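The primary structure of each chain is shown beneath.
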Amino acid sequence: MKPKIAVFSLTSCEGCSLAILELENQLLDILGAVEIVNFREAMTERDCDIDIGFVDGAVSTPTDVEEIKEMREHCKALVAIGACACQGGINSLKNHQNEDDYRSYVYGDGAKHFPTIKAQPISAFVEVEYELPGCPMVKEEFLALVKAVLSGQQWALPQTSVCVECKKQGNLCLYEKGIICLGPVTLAGCGAICPTFGSKCEGCRGLASDEALQAASINLREQYDIPLENILADLRFYGAYQEKSLP
Amino acid sequence: MKTIDIDVKHVTRVEGHGNIVVNVKKGEITRLELQIVESPRFFESFLRGRHYREAPHITCRICGICSVGHTTASVKAMENAMGITPSEQTLLLRKLMLHAEQMQSHWLHVFFLAVPDFLGVGSVIPLANTHPEVVKRALRMKRLANDICCAIAGRHIHPIAMHVGGFTHIPKVEELVDLKRRLEECRADLGEMANLMASFEKPDFNRDTEYIALSDPNKKEYAFYDGKIASTKTDKTLDVDDYLTWIIEHVEPHSTSKHVKTPRSASFMVGALARYNLNHELLHPAAKDVAVKLGLNGGSTNSFDNNTAQIVETVHCVEDSIEVIDELLTRGMKLEPLVEPTRFGRGAGTAEVPRGILFHDYTVGEDGYITDSNLIIPTTQNMANIEADLRALVKQLLETDLSKEEITLKLEMLVRAYDPCISCSVHFLNVKFE
Chain W
1 MKPKIAVFSL TSCEGCSLAI LELENQLLDI LGAVEIVNFR EAMTERDCDI DIGFVDGAVS
61 TPTDVEEIKE MREHCKALVA IGACACQGGI NSLKNHQNED DYRSYVYGDG AKHFPTIKAQ
121 PISAFVEVEY ELPGCPMVKE EFLALVKAVL SGQQWALPQT SVCVECKKQG NLCLYEKGII
181 CLGPVTLAGC GAICPTFGSK CEGCRGLASD EALQAASINL REQYDIPLEN ILADLRFYGA
241 YQEKSLP
Chain P
1 MKTIDIDVKH VTRVEGHGNI VVNVKKGEIT RLELQIVESP RFFESFLRGR HYREAPHITC
61 RICGICSVGH TTASVKAMEN AMGITPSEQT LLLRKLMLHA EQMQSHWLHV FFLAVPDFLG
121 VGSVIPLANT HPEVVKRALR MKRLANDICC AIAGRHIHPI AMHVGGFTHI PKVEELVDLK
181 RRLEECRADL GEMANLMASF EKPDFNRDTE YIALSDPNKK EYAFYDGKIA STKTDKTLDV
241 DDYLTWIIEH VEPHSTSKHV KTPRSASFMV GALARYNLNH ELLHPAAKDV AVKLGLNGGS
301 TNSFDNNTAQ IVETVHCVED SIEVIDELLT RGMKLEPLVE PTRFGRGAGT AEVPRGILFH
361 DYTVGEDGYI TDSNLIIPTT QNMANIEADL RALVKQLLET DLSKEEITLK LEMLVRAYDP
421 CISCSVHFLN VKFE
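Read top to bottom, the protein sequences are chains W and P. Using the working numbering, the first residue of the first sequence is number 1, and each one after it goes up by one. Using the working numbering, the first residue of the second sequence is number 1, and each one after it goes up by one.
Read the hints as simulated data drawn from the structure, not as lab findings. A quick note: this is a predicted structure, and the numbers were derived from the prediction, not measured. Each hint should be verified, as a subset may be incorrect.
[Claimed, not checked] Calculated lysine-lysine pairs in the DSBU-like style (CA-CA distance at most 35 Å, straight line):
(1) P:K410 x P:K288
(2) P:K180 x W:K200
(3) P:K261 x W:K118
(4) W:K177 x P:K334
(5) P:K26 x W:K167
(6) P:K404 x P:K26
(7) P:K180 x W:K4
(8) W:K244 x W:K69
(9) P:K172 x W:K147
(10) P:K410 x W:K2
(11) P:K202 x P:K334
(12) W:K167 x P:K172
(13) P:K233 x P:K220
[Said to hold, decoys possible] Between beta-carbon pairs, the in silico distance windows are:
(14) W:R72 x P:D326: 49 to 57 Å
(15) P:E406 x W:Q154: 19 to 27 Å
(16) P:N23 x W:K69: 29 to 37 Å
(17) W:S209 x P:R264: 36 to 44 Å
(18) P:R264 x W:Q242: 21 to 29 Å
(19) W:S245 x P:T330: 54 to 62 Å
(20) P:R187 x W:P115: 24 to 32 Å
(21) P:D367 x W:I179: 12 to 20 Å
(22) P:R140 x W:Q153: 24 to 32 Å
Just so it is clear, CB atoms sit at the ideal spot from N, CA and C, and this is done for glycine as well.
Make the full structure from the sequences, and use the hints.
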């Protein structure tokens with residue numbers, strides 16, 4: 001029997017689910033190797049166990065909390081895909097705003113209809129076997145993970161920072177152009193795609209290490225004279241859920 | 001007299017999560033709702049206090065499928081607010097990006113989400129076995145649209161190099177030459193796609209509707225990137241800065257859902273069919289031919305024709321992309337610095353994105369940080385019209401011998417014909433609670 005795979009979205013743009021469909025050259029091979037099941041339908045059949053469940057999106061409502069717990073029960077391996085599922089992502093920008101304020105700004109008097117909580121990664125609620133960070137996730141990493149899990153191989157994220165990959169791409173460091181980039185503190189694996197396309201790293205893959213954060217924070221203030229609030233604003237783009245102290 | 005209750009939980013093959021609820025008692029509709037069950041997102045709140053340069057990278061994350069469209073409306077609104085005039089090269093690259101997204105999104109919708117209905121299967125997955133040539137062709141076409149975005153801005157989902165004031169990367173000449181060759185080869189696939197669509201029988205359904213889309217005042221271009229706001233119900237057109245006089249949000253007394261109306265109609269339709277109805281004379285001749293072949297003869301009030309109009313538009317986009325690439329290759333490309341702001345204040349921007357006209361509206365303070373924003377998404381604008389269509393279709397179907405299951409399928413097909421993007425619109429719509 002083919003292994004069963006399900007894809008499920010919480011609070012997200014569904015871009016990471018869509019990224020799977022953008023593996024156009026490999027999609028038919030994937031469909032040949034696995035059975036894709038509709039998670040909502042699968043849940044109505046009691047004995048249906050899902051081998052790998054992929055979840056994009058943050059947990060940001062009471063309904064999300066219920067759903068991720070149910071998903072966990074039905075999946076042998078649970079994989080968080082994308083910045084929202086791994087770190088809360090862009091949804092967590094609201095975490096540092098006044099709750100009444102951000103709700104009424106969008107929904108006015110209707111805000112009472114929208115029970116929300118702080119945007120959080122799914123690992124804050126359930127155990128997660130693997131995380132594929134990035135906004136969106138890197139689809140080649142998705143492919144490598146699926147292959148590894150189906151063949152019983154080990155799989156792990158790189159442990160270096162984006163700077164390492166950026167150097168390999170031969171890019172001129174953006175700091176040389178006076179642009180503050182989060183490459184030094186951000187986990188590698190994206191091939192430094194943003195600096196390669198002329199834009200600063202926005203840190204969508206999360207922190208490479210606490211040491212990298214501490215060092216960069218001191219450097220930015222002492223060497224580049226960047227105020228702490230600007231550093232925080234940049235770090236919060238996708239990572240506002242994380243609780244870290246800066247020196 | 002019929003009494004039926006239809007409750008479709010989580011309409012499949014739409015972007016996001018929505019329910020259809022229909023209650024009919026003795027032949028009378030007592031309740032009809034398209035409910036949104038997606039989590040609220042709060043993007044307008046996220047934007048406040050962020051730097052103006054971040055707006056496109058934040059708002060593209062509203063939706064993975066139309067992230068180029070959001071980026072386009074965002075950079076245009078910001079440039080309007082801050083007195084920035086982008087270069088000719090920037091405009092050409094943006095048009096190419098937007099064309100590629102129309103193709104990617106329309107093909108995804110038609111092949112993966114709508115075609116399974118016509119072929120009588122539950123999803124695209126069984127089609128890989130029964131109709132492998134259809135699936136392979138669809139994937140080849142989608143790959144092409146994707147690769148155009150990758151060459152210009154790094155990727156399709158959340159494009160990297162597309163900024164306020166210009167691009168931080170330009171494609172290589174050999175990349176554009178290769179993409180042009182593949183676009184030319186795609187003409188054969190487009191022909192096959194039109195043949196497939198011509199073989200489907202679309203439901204017979206018509207309802208008098210107001211259509212709204214951008215329209216080129218100089219009558220030169222089939223408007224996607226720019227134009228004035230136009231309607232099928234008036235000869236007047238509107239500048240983007242005045243969009244709120246036509247696009248009126250209101251709360252329906254019988255529901256808590258925020259709907260959008262115009263001064264003329266309680267509901268209106270945006271998207272491929274609206275653009276076709278307003279601008280079809282400006283389509284590329286190849287696209288006009290396909291329109292005729294698919295029975296779109298210069299105008300339609302059948303919402304199911306939105307799928308047909310999407311196919312027609314992709315023919316236009318392929319042909320126009322070839323012309324834009326030729327222009328870029330002829331004039332030559334160079335990496336340009338981003339154009340800097342000349343003032344701060346408020347400005348709106350609009351673009352025709354796959355699902356219809358999209359509005360972004362920002363206010364930026366003198367420190368360069370965003371103080372206010374308003375985003376009006378195509379699916380939000382269509383929501384009242386989908387309900388009005390569902391209501392008319394239910395009435396029509398109650399006159400037939402169709403079973404509850406057959407009626408349900410038709411209603412789902414109607415919702416899917418709009419290609420609604422619920423992820424996009426949800427930050428805006430109110431959920432109806434029992």
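Right, here's what the structure says about each hint:
1. P:K410 x P:K288: holds (28 Å)
2. P:K180 x W:K200: Since the Cα atoms of K180 of chain P and K200 of chain W sit roughly 30 Å apart, the hinted pair holds (cutoff 35 Å).
3. P:K261 x W:K118: This hinted pair holds, its Cα atoms lying about 33 Å apart.
4. W:K177 x P:K334: Holds, at about 18 Å.
5. P:K26 x W:K167: violated (72 Å)
6. P:K404 x P:K26: holds (14 Å)
7. P:K180 x W:K4: violated (39 Å)
8. W:K244 x W:K69: With a Cα-Cα distance of about 27 Å, the restraint between K244 of chain W and K69 of chain W holds, given a limit of 35 Å.
9. P:K172 x W:K147: holds (33 Å)
10. P:K410 x W:K2: holds (33 Å)
11. P:K202 x P:K334: With Cα atoms ~47 Å apart, K202 of chain P and K334 of chain P exceed 35 Å; violated.
12. W:K167 x P:K172: Holds, at about 21 Å.
13. P:K233 x P:K220: The given pair, whose Cα atoms are some 22 Å apart, holds under the 35 Å limit.
14. W:R72 x P:D326: 49 to 57 Å: With Cβ atoms ~53 Å apart, the hint holds.
15. P:E406 x W:Q154: 19 to 27 Å: Roughly 51 Å apart at Cβ, these two residues miss the hinted range, so it is violated.
16. P:N23 x W:K69: 29 to 37 Å: Holds, at about 32 Å.
17. W:S209 x P:R264: 36 to 44 Å: The hinted range 36 to 44 Å is violated for S209 of chain W and R264 of chain P, with Cβ atoms some 60 Å apart.
18. P:R264 x W:Q242: 21 to 29 Å: Given about 50 Å between the Cβ atoms, the range is violated.
19. W:S245 x P:T330: 54 to 62 Å: Between S245 of chain W and T330 of chain P, where Cβ atoms are some 56 Å apart, the hint holds.
20. P:R187 x W:P115: 24 to 32 Å: violated (51 Å)
21. P:D367 x W:I179: 12 to 20 Å: The hint (12 to 20 Å, Cβ to Cβ) holds, given that D367 of chain P and I179 of chain W are roughly 19 Å apart.
22. P:R140 x W:Q153: 24 to 32 Å: holds (31 Å)
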